[in-house]
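Number 686 in the numbering used here belongs to position 73 of the sequence shown; there are no gaps in the numbering.
It cannot be assumed that every hint is accurate.
[Unchecked claim] Per label pair, the in silico range of CB-to-CB distance:
hint, residue 1, residue 2, range
1, 615, 647, 16 to 22 Å
2, 662, 616, 14 to 20 Å
3, 680, 651, 17 to 23 Å
4, 670, 638, 19 to 25 Å
5, 644, 616, 17 to 23 Å
6, 682, 656, 18 to 24 Å
7, 654, 624, 28 to 34 Å
8, 663, 636, 31 to 37 Å
9, 673, 634, 17 to 23 Å
10, 647, 679, 15 to 21 Å
11, 624, 645, 16 to 22 Å
Since the hints were made in silico from the structure, they are not lab data. Ideal Cβ placement from N, Cα and C applies to all residues, glycine included.
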Amino acid sequence: MRMKFLGSTSEAGACPTLYETDRGTIVVQGLAVTDAEALADLRDVLDGEAAVEVPRELITEIARRVLPDGSATAFPTSGTTPTATG
Numbered sequence: 614m615r616m617k618f619l620g621s622t623s624e625a626g627a628c629p630t631l632y633e634t635d636r637g638t639i640v641v642q643g644l645a646v647t648d649a650e651a652l653a654d655l656r657d658v659l660d661g662e663a664a665v666e667v668p669r670e671l672i673t674e675i676a677r678r679v680l681p682d683g684s685a686t687a688f689p690t691s692g693t694t695p696t697a698t699g
């Protein structure tokens with residue numbers, strides 16, 4: 614599998630970062646969610662899976678760049694930036 618950098622909202626190459634694969638999927642690089650209450654809300658987590666927190670702004674910005682019609686309104690900005698550890 615090969616990946617192409619899509620973008621990040623972090624400075625100096627830090628995460629979270631999104632990549633597009635040659636398989637038509639998106640890879641998320643970021644800090645793993647470690648908050649016990651947040652992890653308890655997840656469903657059907659398989660071995661090898663991890664939850665990664667990504668700001669809505671990053672998903673919206675990347676969606677604007679890669680969607681054919683340029684629209685991305687599914688993730689309105691909240692005005693706050695959450696942390697990956699809760």
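Identify every previously stated hint that the structure contradicts and give their numbers, smallest first. Those not satisfied are hints 1, 3, 6, 8, 10.
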